[in-house]
Amino acid sequence: MGSTAYISLKDVVFSRSGRRIFDGITLDIPRGKITAIMGPSGTGKTTLLRLIGGQLRPDSGSVRVDGHEVPRLKRKALYALREKMGMLFQSGALFTDLSVFENVAFPLRVHTKLPEDMIHDIVLMKLEAVGLRGARHLMPSELSGGMTRRVALARSIALDPELIMYDEPFAGQDPIAMGVLVKLIRDLNSSMGLTSVLVSHDVPESLSICHYACIIADGKVIGEGTPEELKAHPSDQVQQFLQGQPDGPVPFHYPADDAGKDFGLGGGA
Amino acid sequence: MLDRIASLGRLGLDIVASLGRSGRFLAGVLSGVPRPVTGFPLLVKQIYAVGVLSLAIVVVSGLFIGMVLGLQGYTILSDYGSEAAIGQMIALTLVRELGPVVTALLFAGRAGSALTAEIGLMKATEQLSSMEMMGVDPLRRVIAPRLWAGFIAMPILALIFSVVGIWGGMLVGVEWLGVFEGSFWGNMQSSVDFVDDVMNGFIKSVVFGFVCAWIAVFQGYDCVPTSAGISSATTKTVVYSSLAVLGLDFVLTAVMFGDF
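Read top to bottom, the protein sequences are chains A and B.
At position 86 of the first sequence (counting the first as 1) the number is 86 in my numbering, and the numbers step up by one without a gap.
To convert a position in the second sequence, counted from 1, into my numbering, add 1000.
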């Protein structure tokens, strides 16, 4: 898939506070598809997204996004590249001093010179897409967790990006909110032709919508392929992760003791 | 023993690293050319937040400090029969020293801590990160308006403090204790020099405003993004700002008034 890869990581090594988080990770993320990156909590999934977004620089190795070598980009080029990226943060990261409408309008106001009535229409269209047109006057403090994430999603697609990165979109969501997010991620990907990167440890939801998935543990990719290929993957580690999750006491969170021991994480994080 | 030397060395390195980070941070904030169309409304909003909202505490403190100066001055000066010099004493004390220094201390406690907590919380809730990922530089969008607002608001607050303080001193000295009004203002007018006293005090307040705002926004931006980290950053803002103001006040006073 080399020629169609939108994001390509090669031999990426990254350490933080003396601890090696990625130990020569190599990964291709195909254009126009949903790619799930899974792994236990603390394996550096979010760090991976920050490396792709250029917020962190690897110690060595190459991070290419749409042909650009991200760590080498100058500040201006990096900010220009980021305009083509949307990122949905785990907390939503809405600006607490702005209303829902103004949050979604923020990237449009900063990056475009569109007239006010057009910004109004675009914001309402984006909010309509996530089902929250009626909530435009609310402040972020008045929203539920699921609604916060949907507003954040509307904001991250405001500039019609080519790439959207979801950081644990399902974590801490009730089943209905989770169902809504699964539907939104799938619909947005097909209707806007986005490249989607989904970082999650919620195996069933992630595998149900992704075209391609990879599992990270111990700073390396331990398994990758289509959901079907992964389900038939010979590695015990991969199977333990895929099947271990629903058996844990907290189904959508960090695997229970037995899985942790089998991964040989020794302290995790 | 070796451990102590090592920890002393580590402390030194930490301090140097922190100074370096704050210097680079300042360069990053100041290097961006502000865009008038988007930048001006943000600046006005922050001047309101750090300046106008600090007015109450500054005016009330100024009034009481002026009144206390009036009382104390009268008590001391009347022993020598020179209570008419009270206006000159109050004005010089406020304009040269207390105006800039006390306003800066109040400013660090009222506005500086709020700036640190706000920026720290924005960092903890990933608002700064999400801004970066939207291609918006938080140094320019969030930090720069707050730094400039502190820089602009602080000298104005110090001037207001001095004016209100002189008025408070007049209330006590003239209205209450019966010092002759003509000699109160006359002595003040003949002894307070615009350049030597008013301008030097103004320069002090400009320096203090810059240092307080810098410390506040840097501590917020550099904090550990947890509740404990934000609380420690807020404390550091108040402590460092106060120490910096008092230390710099001595240096500036020595430079301005030290040629005997």
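These aren't lab readings, by the way, just hints derived from the structure by calculation.
Ideal Cβ placement from N, Cα and C applies to all residues, glycine included.
Errors might be hidden in some of the hints.
As the list claims (entries may be wrong) - Here are the simulated DSS-like pairs of lysine-lysine, each with C-alpha atoms no more than 30 Å apart in a straight line:
# : chain 1 : residue 1 : chain 2 : residue 2
1 : A       : 113       : A       : 76
2 : A       : 220       : A       : 231
3 : B       : 1236      : A       : 76
4 : A       : 113       : B       : 1045
5 : A       : 84        : A       : 220
6 : A       : 10        : A       : 33
As the list claims (entries may be wrong) - Over 12 Å on every C-beta distance to chain A, these chain B residues come out as not near it, computed from the model:
#  : residue
7  : 1001
8  : 1011
9  : 1028
10 : 1030
11 : 1128
12 : 1141
13 : 1171
14 : 1200
15 : 1250
Unchecked claim - A partial selection of chain A residues facing chain B, derived with a Cβ cut-off under 7 Å:
#  : residue
16 : 97
17 : 98
18 : 101
**Asked** Close enough to count: is the Cβ of residue 97(A) nearer than 7 Å to one in chain B?
**Response** 9 Å, violated
**Item:** Pair hint outcome, residue 113(A) versus residue 76(A) [Cα-Cα no greater than 30 Å]
**Value:** 19 Å, holds
**Request:** Verify the interface restraint on residue 98(A): the C-beta must sit less than 7 Å from at least one C-beta of chain B.
**Result:** Residue 98(A) check fails; min Cβ-Cβ to chain B is 10 Å, beyond 7 Å.
**Request:** Mind checking the alpha carbons of residue 1236(B) and residue 76(A) for me, to see if they're no more than 30 Å apart?
**Result:** Roughly 33 Å between the alpha carbons, so the hint for residue 1236(B) and residue 76(A) is violated.
**Request:** With a cut-off of 7 Å on the beta carbons, see whether residue 101(A) makes it to chain B.
**Result:** 16 Å, violated
**Request:** Grab the minimum beta-carbon distance between residue 1250(B) and chain A and tell me whether it stays above 12 Å.
**Result:** Holds: least Cβ distance 39 Å, greater than 12 Å.
**Asked** Taking the closest pair, is the beta carbon of residue 1128(B) still more than 12 Å from chain A?
**Response** 9 Å, violated
**Request:** Grab the minimum beta-carbon distance between residue 1200(B) and chain A and tell me whether it stays above 12 Å.
**Result:** 39 Å, holds
**Prompt:** Does the alpha-carbon distance linking residue 10(A) and residue 33(A) stay inside the 30 Å limit?
**Reply:** Given pair residue 10(A), residue 33(A) holds - Cα atoms ~20 Å apart, limit 30 Å.
**Prompt:** Non-interface claim for residue 1001(B): all C-beta distances to chain A beyond 12 Å?
**Reply:** Nearest chain A Cβ is 26 Å from residue 1001(B), so the label holds.
**Asked** Can we trust that residue 1171(B) is non-interface, i.e. its beta-carbon lies farther than 12 Å from all of chain A?
**Response** It holds; residue 1171(B) is separated from chain A by about 40 Å at its closest Cβ, greater than 12 Å.
**Asked** Holds or violated: residue 113(A) with residue 1045(B), Cα cutoff 30 Å?
**Response** Roughly 22 Å between the alpha carbons, so the hint for residue 113(A) and residue 1045(B) holds.
In summary, the structure is inconsistent with hints 3, 9, 11, 12, 16, 17, 18 from the numbered list given earlier, while agreeing with the others.
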